[in-house]
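Please put together the full structure from these sequences, using the hints given.
These protein sequence lines map, in sequence, to chains Y and S.
Residues in the first sequence are numbered from 1 upward in steps of one, following the working numbering.
Residues in the second sequence are numbered from 181 upward in steps of one, following the working numbering.
It cannot be assumed that every hint is accurate.
What the hints assert, rightly or not - Pairs of lysine-lysine residues, derived as DSS-like cross-links and limited to a Cα-Cα distance of at most 25 Å, are as follows: (1) Y:K175 - S:K304; (2) Y:K170 - S:K304; (3) S:K249 - S:K304; (4) S:K304 - S:K222; (5) Y:K27 - Y:K68; (6) Y:K27 - Y:K175.
What the hints assert, rightly or not - Some chain S residues well away from chain Y (every beta-carbon gap over 10 Å; in silico): (7) M181; (8) G201; (9) C213; (10) A217; (11) E229; (12) E245; (13) V253; (14) G290.
Claimed, not checked - DEER-style ranges, computed between Cβ atoms: (15) Y:S128 - S:K249: 28 to 38 Å; (16) Y:E153 - S:L299: 24 to 34 Å; (17) S:D209 - Y:R110: 45 to 55 Å; (18) Y:E94 - S:K249: 53 to 63 Å; (19) Y:E94 - S:D209: 43 to 53 Å.
The hints are simulated quantities; they were obtained by calculation from the structure and are not laboratory data.
Cβ atoms here follow ideal geometry from the backbone N, Cα and C, with glycine treated the same way.
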Amino acid sequence: MLILVTGGSGSGKSEFAENLVLRLHTKPYLYVATMYPFDEECLQRIQRHRAMRREKEFDTLECYTGLKDAGTEGYGTVLLECMSNLAANEMYQEGGSGDRCVEEILEGIRRVRERCTHLVVVSNEIFSDGIEYDPETRRYQRYLGEINCRIAEMADLAVEVVYTIPLVHKGNLEKLEERR
Amino acid sequence: MILVVGGCFQGKKEYAFRQFGIRPEEAADGALCPPEAIFETKMLYHFHEYIRRSMEEEREFSLEELLEKNPGVVLVTNELGYGVVPADRFDREYREKTGRICCQAAQAAGEVHRVVCGLGTVIKHG
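Structural data, given as C-alpha cells:
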C-alpha cells in the first residue's frame with residue numbers, strides 16, 4: 001500500500017504516521033529521514049522525532065537527496081518523512097536534481113514502493129497562509145504541491161491530519177488492518 | 181471542552197455562538213482579555229493569540245489547569261501551520277507551540293469542529 005499523510009506544521013502528522021506503520025504491522029520498519037541538520041533548531045526537531053520513535057523498532061536511513069537510489073531494500077514498511085524537506089533538498093542542495101525534482105522524487109517514490117510492502121509518505125501543507133512569497137518560494141510551493149497531488153493520485157489512502165485528528169480524503173482508514 | 185478550529189475570517193466565532201448558544205458578552209477575546217479570564221469564560225476566541233501573549237509575557241500556559249478549572253469551555257482558534265516555515269524565530273516557535281497545544285486540546289476535547297466558509301464539520305464526535 002502507498003499512504004500519503006499530510007497536514008500543517010505541528011498538526012501531529014508524524015506521530016499519526018508512525019502509529020499507522022505500527023497498525024500495518026509489516027516488519028521490519030525503515031524510517032527515511034530527510035531533514036538535513038542545518039542548525040541547532042533542526043537538531044532539536046530531529047531529536048524530538050527520534051524520541052517519539054524510540055521503542056517503535058525503526059531502522060533509520062538518512063536520505064537528503066537521491067531517493068531513487070537509497071538503500072530501502074529488505075523492509076516491510078518504509079516511512080518517509082518529510083516530503084517538504086526532501087523537495088527543498090533536491091531543489092537547493094549540491095547534487096540535488098534542481099528543476100527536475102518533481103520527476104526525480106516521484107521516480108524515487110515508485111522505486112521505494114516496489115521494494116517494500118507498504119510505503120507511508122509524510123508531507124506538509126504549506127499552501128494556504130495567504131502570504132505572497134517571492135518567486136523562488138512560490139516555485140518551491142508549486143513543486144511540493146505537484147508532488148503531493150501526484151502521490152495522492154497513486155496512493156491507496158490519503159489522510160490530512162488536523163491537530164491529531166485524521167481527515168480521510170481518499171481510501172478507507174477503518175479497513176487498514178484488512179490491507180496488511 | 182470543545183475546540184473549534186479553522187482559518188482566519190471563516191466565521192468560526194459566529195459559528196460557535198450559534199452552535200453552542202453562547203452570547204457575545206459571555207465570550208472572552210484571547211487577544212485582549214486578562215490571563216485568568218480563560219478560567220471563567222464560557223468561550224475564549226482568538227485562542228492562538230492567547231498562546232502568543234503567554235509566550236511574549238513568559239507565562240507558561242497549562243492545558244491541565246484549564247481543564248480542571250473550566251472543563252466546559254469552548255476554545256476557538258485559528259488553525260496555524262498551513263504555510264511555509266516562517267523566517268522569524270519567534271514566529272516559528274509560536275506556530276510550533278500553538279500546534280502542540282492544539283494537538284493536546286484536540287485529544288482532550290469532547291468535540292472538535294472545523295469551520296470553513298462559515299460551515300462547521302464535526303471532526304471529532306463526543
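Evaluation of the provided hints:
no., hint, verdict
1, Y:K175 - S:K304, "holds, 19 Å"
2, Y:K170 - S:K304, "holds, 18 Å"
3, S:K249 - S:K304, "holds, 23 Å"
4, S:K304 - S:K222, "holds, 20 Å"
5, Y:K27 - Y:K68, "holds, 21 Å"
6, Y:K27 - Y:K175, "holds, 19 Å"
7, M181, "holds, 13 Å"
8, G201, "holds, 24 Å"
9, C213, "holds, 22 Å"
10, A217, "holds, 23 Å"
11, E229, "holds, 16 Å"
12, E245, "holds, 20 Å"
13, V253, "holds, 16 Å"
14, G290, "holds, 13 Å"
15, Y:S128 - S:K249: 28 to 38 Å, "holds, 34 Å"
16, Y:E153 - S:L299: 24 to 34 Å, "holds, 27 Å"
17, S:D209 - Y:R110: 45 to 55 Å, "holds, 50 Å"
18, Y:E94 - S:K249: 53 to 63 Å, "holds, 54 Å"
19, Y:E94 - S:D209: 43 to 53 Å, "holds, 49 Å"
Checked against the numbered hints given earlier, this structure breaks none of them.
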